Amino acid sequence: MSPILSVRNLSRNFGAIKAVDNVSFDLAKGELLALIGPNGAGKSTCFNMLMGQLKPSSGTVQLLGKNIAGMQPRKIWRMGVGRTFQITATYASMTVVENVQMALISHHRRLYSLTTFAHKLYRDEALALLDTVGMADQAERHCAVLAYGDLKRLELAVALAHDPILLLMDEPTAGMAPRERIALMQLTADILDAKGISVLFTEHDMDVVFAHAHRIMVLNRGQLIADGTVDEIRNNPQVQEVYLGGGTLFKAQEDAHA
Amino acid sequence: MGLFIAQILTGLANAGALFMVASGLSLIFGVTRVVNFAHGSFYMLGAYVGYSLMQVLPGMVGFWVAILLAGIIVGLIGVIVEFCVLRPVYSAPELFQLVATFGVILVIQDLALMIWGPQDLLGPRAPGLKGVIRIMGEPVPQYDIALIVITPFVAFGLWYLITRTRVGTLVRAATQDREMVSALGVNQAWLFTGVFFLGCALAGLGGALQLPKGGADLLMDFNILGPVFVVVVIGGMGSLPGAYLAAVIISVLNVFGVTYAPQSTLVLMFVVMVIVLMFRPFGLLGKEEVAGEHGQVGEPERPIKPAGRNMRLLVAAGLLILGLLPFYGSNFAVVLVTDIMIFALFAASLHFMLGQGGLVSFGHAAFFGGGAYAAALFVTHANTPMELALVLAPVCAGLAAIVIGWVCLRSTGVYFAMLTLAFGQLLWSLAFQWSEVTGGDDGLVNIWPSDWASDNSVYYYLAFVLCVGGILLLRQAAHAPFGYAMRAARDSARQAEAMGINTKRIQWVAFTFAGVMAGLAGGLFVFSKGSIFPNELETARSFDALIVVFLGGVKTLSGGWVGAAFFEGIKDYLTRFEYWRLALGLSIIVIVILGPEGIVGSLRKAGERLGILKVPEDAK
Chain D
0 MSPILSVRNL SRNFGAIKAV DNVSFDLAKG ELLALIGPNG AGKSTCFNML MGQLKPSSGT
60 VQLLGKNIAG MQPRKIWRMG VGRTFQITAT YASMTVVENV QMALISHHRR LYSLTTFAHK
120 LYRDEALALL DTVGMADQAE RHCAVLAYGD LKRLELAVAL AHDPILLLMD EPTAGMAPRE
180 RIALMQLTAD ILDAKGISVL FTEHDMDVVF AHAHRIMVLN RGQLIADGTV DEIRNNPQVQ
240 EVYLGGGTLF KAQEDAHA
Chain A
0 MGLFIAQILT GLANAGALFM VASGLSLIFG VTRVVNFAHG SFYMLGAYVG YSLMQVLPGM
60 VGFWVAILLA GIIVGLIGVI VEFCVLRPVY SAPELFQLVA TFGVILVIQD LALMIWGPQD
120 LLGPRAPGLK GVIRIMGEPV PQYDIALIVI TPFVAFGLWY LITRTRVGTL VRAATQDREM
180 VSALGVNQAW LFTGVFFLGC ALAGLGGALQ LPKGGADLLM DFNILGPVFV VVVIGGMGSL
240 PGAYLAAVII SVLNVFGVTY APQSTLVLMF VVMVIVLMFR PFGLLGKEEV AGEHGQVGEP
300 ERPIKPAGRN MRLLVAAGLL ILGLLPFYGS NFAVVLVTDI MIFALFAASL HFMLGQGGLV
360 SFGHAAFFGG GAYAAALFVT HANTPMELAL VLAPVCAGLA AIVIGWVCLR STGVYFAMLT
420 LAFGQLLWSL AFQWSEVTGG DDGLVNIWPS DWASDNSVYY YLAFVLCVGG ILLLRQAAHA
480 PFGYAMRAAR DSARQAEAMG INTKRIQWVA FTFAGVMAGL AGGLFVFSKG SIFPNELETA
540 RSFDALIVVF LGGVKTLSGG WVGAAFFEGI KDYLTRFEYW RLALGLSIIV IVILGPEGIV
600 GSLRKAGERL GILKVPEDAK
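Residue numbers (numbering that gives the first Met the number 0), protein chains in the order written: chain D, 0 to 257; chain A, 0 to 619.
By construction, these hints were calculated from the structure, which means they are not laboratory data.
Note that this is a predicted model, so its numbers are computed, not measured.
Among the hints, erroneous ones may be present.
Claimed, not checked - Pair ranges (Cβ atoms, derived): (1) A:Phe331 with D:Asp136: 51 to 59 Å; (2) A:Leu472 with D:His107: 43 to 51 Å; (3) D:Ile16 with A:Asn534: 51 to 59 Å; (4) A:Glu607 with D:Asp136: 20 to 28 Å.
Every residue gets a Cβ at the ideal spot worked out from N, C-alpha and C, and that includes glycine.
Input sequences plus hints: build the corresponding full structure.
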């Protein structure tokens, strides 16, 4: 079966720094793929290129065989890619359900309509989406007063609104309490499994990654240094070195002392 | 060649005052985020205070001491203003402070009128520098040379203060992150006051320094505001070298403009600004504004809901009372209410793009006056009947909005506001200087309604239908998907773009829509008055609309027209008194301090407290 997402030789330079260096990978249908790596490894840069926020210096990103590298975020979204942000982005002046309705209105291309009341449009669909993330009871609440964990769940409902084939989640559990993290990720995995959506996500919490990812890729200094199942990654000496120290910095110091 | 050099020298000399006022404005904005509309007033005060001091202080020493003292005194007046007017409203919603500074403009105008009288004052010439020196045969005033020498010293002193001293470090830090600076134990309140002193002192100094060249008059405050905003924007907000560079460019350009293209001097400056911003959206030496999504102060805006049954009945009853006015009201009342309704539509159109779209325009009069001029020009030059002219007014305003919006929306935040101001000024200078077509200062007259509508009562109904209809349409748009998309783009452009919304295009359409509605108001205006003059395109007119929007309440749906009705009503009453500006300015300041959420917002709060209105669950 052909992959949903196929990335080839993706690179991005900032001046002389190679933030992302020649990264290639495939994402199969229904797969939950994690992208991990220490701070500054290039995860966010990689993500921003996939989502259209950044133009790659070189390389291609193919969604179902069509190159989307360098496309604007809103075009990529229209092709069936949803996303959630590392720091939540919601519409603070609307109610919870209206946030979801907004995505549905955009999906049905009714943005320029003047004749209807927006709060009546696609309300049932929006409530059903809120129900899947367990937010239906808060539908009428003002978005600005929600707790952070609820905002994350709302964002997930918004990302699911246009029936995406692929979901990009940038640190889905960042800023949450440990117990909430497990619950949110379990919820996400269940929904995606039920809907058959493929997911690429970055994450710092290794418990979350090892518990849910089908496959893990490790990025370090812009380069993909490992790609494999949970067990393979856990036992990969290079990954252990990156995460537990023994990196070039210390090695260089040792060399200098010697 | 000699003339060329002499002109450059004149330009450099003129740049002095402009630079000082502009750098003061830029400093105050950078640290306090207050766009100080009253900055021109401090410049004017500097001139007047300097003039009075020069009358009592004799000789050359007296002259220069007077200038210095004028700066210090104006700085202290600035401190008083900051203390009494701005401190209470720093925590109010963003940009609300500019309403307060607008009140300050009015107060200072009338105080200056009281103290120094209405006649223009001719500035004394500088003792010891009264002559001219000849450079390549051309006479250059000695005082100009003095100014050319002094300005770089002031600029250097300022630069040293900002980049090399502890105070300057704090100021720069506060420009980047106010909260962090106060978290580090710096007394933010006194830092603000200090910066206000410095900024106002610079404005006062500029006003006093230009006395021998320009004198003092009561129009100085608004006249300098346009050029100063242009300089700040071309140079880049917060950049001192940028402000100096831009002041020189603009001043030299003006001198050459007077010589070679006297018909277009006013336009020239704004054309340069637009060109610069097209290529460098943050000015020549400015850095990108980091307008975070966290910039919101005050209570978050509440979700909106269409009015319930009771409210609709109430509105219908109100409209009925209003609609029957010609049957029980005097002719005067009919004309007054016509004016109010037209202004309310104008304000509501600005409120729509500002409130729902977060687009703060300083030049909305371009579309009001533009629509009015379009109608008047068609009537004057093509004998167009009123009915057609009333259609062409919004159409032309809309076309103008498409072009202006395209340029302005390349920038965001303050730069967007300044660009709209520039285009407003551009249209104003066109109307003012292209007298063959627009009649210039004399305006266009004899623009009367068709015969069937010439009766005040009939015209009242025409205005009633179009204005009320327009306001209701704007309100419907706010509740429609389009209005929601505007709020989405404003609340989080990041998320909106990531869900398929073309935020720039939404804003562009919104800008145009608001322009069309303002144009309709302008068309109605010109037929109700029978004439149109360039002052309908002035920055002051744009500010009027802006003030009433804030006064009514930005974060409410009906703030626009409520504020407009209130403002026009109170203005009509107050203008019967001699010092009405003072009274109006003080009322504005009092309202701003007592009700920072505007009239509608404050009434809603009061209603909820008294139990008349239901408090939403989440607002408790």
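Structure-based check of all given hints:
1. Distance hint for Phe331 (chain A) and Asp136 (chain D): a CB-CB separation of about 58 Å, consistent with the stated range 51 to 59 Å.
2. For the pair Leu472 (chain A) and His107 (chain D), the beta carbons lie near 23 Å from each other, so the given range of 43 to 51 Å is not met.
3. Checked against the hint of 51 to 59 Å, the pair Ile16 (chain D) and Asn534 (chain A) passes, with Cβ atoms roughly 56 Å apart.
4. Look at Glu607 (chain A) against Asp136 (chain D): about 25 Å separates their beta carbons, and that is inside 20 to 28 Å.
Checked against the numbered hints above, the structure violates only hint 2.
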